[in-house]
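Participant: Sequence:
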Amino acid sequence: MDNDAYYYLLSLLPLCYYVTRLYRASFGCRSHGLRLPPGPWQLPVIGSLHHLFRALPHRALRDLSRRHGPLMFLKFGENPVIIASTAQAAKEIMKTHDSVFCTRPLSSSVKVTSKNGMGIVFAPYGDHWRQMRKICFVELLSAKRVGSCRPVREEEAIRLIRSVSSASESDGEQLVNLSKLVAAYVTDTAVHTIMGRRFKENDTFLRYLDDAVRLVDGFTLPDLFPSSRLARALSGALRQAEVLGESLMAFMGSVIGEHLVTRNSSDEPHQDGLIDVLMRIQGEGDLQFPLTMSSIKAVIWDLLSGGTEIATTTLQWAMAELMRNPSVMSRAQAEVRAAFMGQMKASEDGLSELSYLQCIVKETLRLHTTPGPLLIPRESRDDCKILGYDVPKGTTVIVNAWAICRDPKCWDEPEAFVPERFLGSTRDYKGNNFEFIPFGAGRRSCPGMLFGIANMQLALASLLFYFDWGLPDGVLPAELDMGETMGVTARRKMDLWLRPALRVPLP
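Numbering (our numbering), first residue to last: 5 to 511.
Derived from the structure by calculation, the hints contain no laboratory data.
Possibly wrong hints are sitting among the right ones.
[Unchecked claim] Once the Cα atoms are required to be at most 25 Å apart in a straight line, the calculated PhoX-like pairs of lysine-lysine come out as:
#: 1; residue 1: LYS366; residue 2: LYS397
#: 2; residue 1: LYS397; residue 2: LYS95
#: 3; residue 1: LYS434; residue 2: LYS366
#: 4; residue 1: LYS434; residue 2: LYS148
#: 5; residue 1: LYS138; residue 2: LYS119
#: 6; residue 1: LYS497; residue 2: LYS184
#: 7; residue 1: LYS95; residue 2: LYS434
#: 8; residue 1: LYS389; residue 2: LYS99
#: 9; residue 1: LYS115; residue 2: LYS138
#: 10; residue 1: LYS99; residue 2: LYS497
#: 11; residue 1: LYS389; residue 2: LYS95
#: 12; residue 1: LYS148; residue 2: LYS95
#: 13; residue 1: LYS184; residue 2: LYS366
#: 14; residue 1: LYS389; residue 2: LYS79
#: 15; residue 1: LYS434; residue 2: LYS413
#: 16; residue 1: LYS148; residue 2: LYS138
#: 17; residue 1: LYS204; residue 2: LYS184
#: 18; residue 1: LYS95; residue 2: LYS366
#: 19; residue 1: LYS99; residue 2: LYS138
#: 20; residue 1: LYS79; residue 2: LYS397
#: 21; residue 1: LYS95; residue 2: LYS497
#: 22; residue 1: LYS389; residue 2: LYS413
#: 23; residue 1: LYS138; residue 2: LYS434
#: 24; residue 1: LYS99; residue 2: LYS413
#: 25; residue 1: LYS115; residue 2: LYS397
#: 26; residue 1: LYS204; residue 2: LYS366
#: 27; residue 1: LYS115; residue 2: LYS79
#: 28; residue 1: LYS95; residue 2: LYS79
Required output: the full structure, derived from the provided sequences and hints.
Facilitator: And the structure:
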């Protein structure tokens with residue numbers, strides 16, 4: 005929740021009383037006679053928000069679900085929200101009634117920054133969304149397309165290990181900020197894949213990404229009280245979102261424009277990126293809805309931000325968990341080095357043999373649900389029943405994937421990092437096993453899943469192949485800071501500083 009929400013909530017209590025009356029008059033009448041899910045007690049105006057102050061939202065909501073059940077009714081400000089916290093509840097929402105819950109609620113901040121859902125992630129359900137989803141799955145993010153980008157991933161993975169080695173040699177203590185280096189690798193890989201080249205504006209992009217993650221968490225005052233002019237006046241969040249939205253579109257426009265100039269002014273063969281695929285589709289003009297430059301900017305931003313944030317966060321948590329679990333680290337390194345030893349470099353050829361490394365990626369996604377502890381909200385398009393409870397049309401529904409992935413009814417030792425649980429298991433993250441849904445499921449599952457996984461696996465294998473890793477002096481594995489920070493994804497609170505020791509010569 006942004007800081008101004010904390011500062012102004014108390015002042016809103018008397019000033020926004022009319023909001024409560026309006027809410028009761030509208031939703032209260034609709035809910036008369038309905039069997040809504042149970043939930044915690046509420047306060048005037050702020051509703052259930054006070055229950056979220058004691059911990060990060062996904063943790064606080066998990067604790068509430070233990071008392072109130074797998075499906076809970078809450079109010080975030082004036083917004084009715086239903087939280088699903090079990091695999092069965094998630095399955096009913098994302099499979100049984102997927103057609104009812106296949107649209108997105110657009111909060112005030114998201115509406116401004118995404119230009120009314122012009123891209124793919126926040127687009128409302130309809131013909132435009134179906135067209136954009138088809139383009140993503142068929143043209144941009146298919147298994148064939150992801151496979152064709154293998155040379156980019158291998159090139160950037162080599163750059164990553166060279167950056168680690170260089171940073172270690174230049175630091176007297178040989179500690180490296182692995183969080184920063186991994187973020188640079190993932191950004192370069194995503195940009196190289198999408199634009200067909202690297203670009204120099206990484207710092208600008210990462211700054212915009214940080215701002216976007218902070219603003220679209222749904223807990224700014226205008227998001228909590230969308231009908232209140234006073235909330236908009238007291239909070240600067242909406243104005244910040246407007247500035248960010250304009251800046252994002254201008255930034256993406258300059259990046260795309262520079263790419264087109266470079267491509268058209270050179271006679272040398274160039275590697276097509278995903279942007280070139282979009283420009284080709286635009287030029288063919290065979291779409292039901294014309295692919296405008298604004299749409300292209302929005303899609304490229306969705307691809308860049310989603311692919312960068314998820315892969316960066318997952319790699320950081322994976323390395324942190326390996327440092328906390330030395331036996332897992334030893335087994336993973338032995339597997340990777342056996343697969344690649346004698347080769348000039350770690351490549352994607354051998355990834356299929358790394359069954360234990362794949363289990364590490366899965367276990368990291370399970371334990372930390374890095375794509376998003378709370379899946380991107382959905383909205384009911386019609387009245388519906390979930391687990392026997394009524395869900396009125398227009399209600400926001402949030403699946404607590406983090407709670408489900410740590411449910412002791414589904415997992416043995418759910419709080420422990422145990423990659424072995426996936427050895428020989430058919431459980432996967434592709435949306436068919438509802439106890440393991442880090443990328444969601446159904447129509448609104450993450451379209452960039454294959455893209456993100458490919459980036460993670462090769463980078464992790466490379467880090468384990470070339471280096472042994474140590475913690476800073478005086479830090480024991482059990483003492484490594486594993487704190488989280490709030491955001492759309494489950495970011496680490498502190499950067500991960502480690503001591504690499506080169507064991508295999510660099511290519």
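Participant: Now tell me if each hint is right for this structure.
Facilitator: Tested hints:
1. LYS366 to LYS397: 35 Å, violated
2. LYS397 to LYS95: With Cα atoms ~19 Å apart, LYS397 and LYS95 stay inside 25 Å; holds.
3. LYS434 to LYS366: Judged against 25 Å, a Cα distance of about 11 Å means the pair holds.
4. LYS434 to LYS148: Satisfied, since the Cα-Cα distance of roughly 17 Å is no more than 25 Å.
5. LYS138 to LYS119: 20 Å, holds
6. LYS497 to LYS184: Within the cut-off at roughly 13 Å; holds.
7. LYS95 to LYS434: 13 Å, holds
8. LYS389 to LYS99: 13 Å, holds
9. LYS115 to LYS138: 22 Å, holds
10. LYS99 to LYS497: 34 Å, violated
11. LYS389 to LYS95: It holds: about 13 Å lies between the C-alpha atoms, which stays within 25 Å.
12. LYS148 to LYS95: 29 Å, violated
13. LYS184 to LYS366: Between LYS184 and LYS366 the Cα gap is close to 23 Å, so the pair holds against 25 Å.
14. LYS389 to LYS79: This hinted pair holds, its Cα atoms lying about 19 Å apart.
15. LYS434 to LYS413: 21 Å, holds
16. LYS148 to LYS138: Cα-Cα ~15 Å, so holds.
17. LYS204 to LYS184: Given pair LYS204, LYS184 holds - Cα atoms ~16 Å apart, limit 25 Å.
18. LYS95 to LYS366: 20 Å, holds
19. LYS99 to LYS138: 19 Å, holds
20. LYS79 to LYS397: The hint holds at about 15 Å.
21. LYS95 to LYS497: 31 Å, violated
22. LYS389 to LYS413: 23 Å, holds
23. LYS138 to LYS434: 18 Å, holds
24. LYS99 to LYS413: 20 Å, holds
25. LYS115 to LYS397: Given that 25 Å is the threshold and the Cα spacing comes to 20 Å, the pair holds.
26. LYS204 to LYS366: Answer violated: LYS204 to LYS366 is near 32 Å, above 25 Å.
27. LYS115 to LYS79: 20 Å, holds
28. LYS95 to LYS79: Holds: LYS95 and LYS79 sit about 23 Å apart, inside 25 Å.
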